[in-house]
Amino acid sequence: MSDYSEKQLRSIKTKRPDFMLWLNFLHIYQPPTLEKDLLIRISKEAYFNIVRVLLRNPQYKITLNVTACLTEYLNQIGYTKLIDDLKFLVARGQIELTGSAAFHPLLPLLPIKEVERQIQINYDINQRYFGKLYQPQGFFLPEMAYGDETARAIKRAGFRWIILDEISFDGKINSGCLDYTKKYKLKNIGLNVVFRNRKLSKTFVPEEIEKILKQEKRPEIVITATDGELYGHKYKDQENILDNILKNENLTTLTITEFLAQKRKEEKINVMPSSWESTPAELTHRVPYSLWQHSKNKIHKQLWQLANFALQLNYQGKRDPNHFASRLHLEKGLASCTFWWASDKDFKLFNYAAWNPEEVEKGALELLRSVRSLSKINPQKKIMAEKMFLAIHQAIWTKHWGKFRKTK
Numbered sequence: 155m156s157d158y159s160e161k162q163l164r165s166i167k168t169k170r171p172d173f174m175l176w177l178n179f180l181h182i183y184q185p186p187t188l189e190k191d192l193l194i195r196i197s198k199e200a201y202f203n204i205v206r207v208l209l210r211n212p213q214y215k216i217t218l219n220v221t222a223c224l225t226e227y228l229n230q231i232g233y234t235k236l237i238d239d240l241k242f243l244v245a246r247g248q249i250e251l252t253g254s255a256a257f258h259p260l261l262p263l264l265p266i267k268e269v270e271r272q273i274q275i276n277y278d279i280n281q282r283y284f285g286k287l288y289q290p291q292g293f294f295l296p297e298m299a300y301g302d303e304t305a306r307a308i309k310r311a312g313f314r315w316i317i318l319d320e321i322s323f324d325g326k327i328n329s330g331c332l333d334y335t336k337k338y339k340l341k342n343i344g345l346n347v348v349f350r351n352r353k354l355s356k357t358f359v360p361e362e363i364e365k366i367l368k369q370e371k372r373p374e375i376v377i378t379a380t381d382g383e384l385y386g387h388k389y390k391d392q393e394n395i396l397d398n399i400l401k402n403e404n405l406t407t408l409t410i411t412e413f414l415a416q417k418r419k420e421e422k423i424n425v426m427p428s429s430w431e432s433t434p435a436e437l438t439h440r441v442p443y444s445l446w447q448h449s450k451n452k453i454h455k456q457l458w459q460l461a462n463f464a465l466q467l468n469y470q471g472k473r474d475p476n477h478f479a480s481r482l483h484l485e486k487g488l489a490s491c492t493f494w495w496a497s498d499k500d501f502k503l504f505n506y507a508a509w510n511p512e513e514v515e516k517g518a519l520e521l522l523r524s525v526r527s528l529s530k531i532n533p534q535k536k537i538m539a540e541k542m543f544l545a546i547h548q549a550i551w552t553k554h555w556g557k558f559r560k561t562k
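Sequential numbering of the sequence shown, starting at 155, is according to our numbering.
You can trust all of the hints, since none of them are fake.
Straight-line C-alpha distance at most 30 Å; calculated BS3-like pairs for lysine-lysine:
| # | residue 1 | residue 2 |
| --- | --- | --- |
| 1 | K450 | K536 |
| 2 | K309 | K339 |
| 3 | K530 | K472 |
| 4 | K401 | K356 |
With beta-carbon atoms standing in for the labels, derived distance ranges:
| # | residue 1 | residue 2 | range |
| --- | --- | --- | --- |
| 5 | S449 | N402 | 47 to 57 Å |
| 6 | Q281 | S529 | 23 to 33 Å |
| 7 | L482 | Q281 | 15 to 25 Å |
| 8 | I266 | T234 | 27 to 37 Å |
| 9 | Q416 | L209 | 19 to 29 Å |
| 10 | E393 | K198 | 12 to 22 Å |
| 11 | D397 | M538 | 53 to 63 Å |
| 12 | Q289 | I266 | 23 to 33 Å |
| 13 | K235 | E421 | 36 to 46 Å |
| 14 | E393 | K450 | 40 to 50 Å |
Just so you know, the hints here were simulated from the structure itself, not pulled from any lab data. For each residue, glycine too, the CB sits at the ideal point set by N, CA and C.
Input sequences plus hints: build the corresponding full structure.
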């Protein structure tokens with residue numbers, strides 16, 4: 155539990171009005187199709203770095219989601235020391251682990267039985283590696299993609315809270331209506347929900363925390379949620395900003411479950427279908443998951459046609475001797491990356507567009523292999539899947555070389 159009791163926190167806040175609480179949520183994930191050398195590089199730059207900072211700063215606490223497919227991949231490449239270090243930090247009370255979906259799919263876009271299955275697989279794999287230390291209370295929705303039916307499935311699975319982007323609250327960013335000091339609960343569902351500050355989470359967070367700590371007036375609570383790869387892989391903290399702010403006596407950190415255990419004002423709310431990349435305009439036009447499913451994106455339509463076809467055949471082929479192999483390919487193909495890289499959204503902030511035909515094709519091929527693996531289905535069904543894949547292949551490369559010509 156926390157180094158600070160609820161009474162102590164109130165006392166500190168009374169004596170030091172500048173005292174600030176930081177809830178830092180990190181999500182680490184890499185698709186199982188990622189090249190081994192790249193995973194090793196990311197692990198050395200980010201994952202081991204996160205561990206080192208925690209070991210150096212025993213007062214520092216985070217809430218962490220390790221997607222199960224990454225846990226398994228780390229074990230496969232021999233990074234058991236990393237898993238052991240994470241276990242040590244969980245046992246020491248510095249890390250709270252959460253639940254999620256095993257292969258990082260967009261849960262609101264899947265049938266509920268697939269949602270339930272991915273949640274269970276994630277739990278089973280992580281408990282295999284973390285043992286009794288893996289007792290998640292919270293749940294991370296991949297891409298923070300929220301839907302009511304998905305939330306109900308999460309609640310049925312026994313989880314107590316979820317974390318969402320602030321846009322889920324009222325369809326706006328930085329509206330000023332969200333009170334981070336409150337405890338929010340979803341009406342008619344019963345899950346607690348905490349919201350991340352998007353503006354802060356889109357930065358190298360410790361740098362912004364350092365700036366806030368220098369201000370005369372500062373918020374009582376800051377909640378951030380980012381990819382864990384930010385810490386060392388995407389951003390090199392050469393000035394040791396994170397270590398420095400953790401030494402500041404006006405800053406403390408808690409896990410999200412510790413925060414929710416405190417007595418605070420509560421409010422029951424409804425939230426909007428959305429993701430951590432949704433824009434107010436997209437929610438106004440009811441396109442909450444545009445990076446993964448957009449009605450005007452031809453390739454998205456083709457991918458979901460193949461995905462739903464593969465899902466249907468896999469469910470029908472439960473007694474097929476190759477059903478397990480089919481499931482593995484299906485789960486890899488349903489990963490959010492397959493659809494994200496087909497969105498072609500221009501992320502001007504990071505100077506790149508979400509477009510990578512090889513990644514799209516890689517995911518589509520896994521969906522096709524799921525169908526190919528089934529030995530007892532009608533060959534005509536397999537031919538239909540082959541044609542769907544060929545249509546995707548043609549569409550992505552026609553688009554890609556068309557884009558390439560325009561940039562020359």
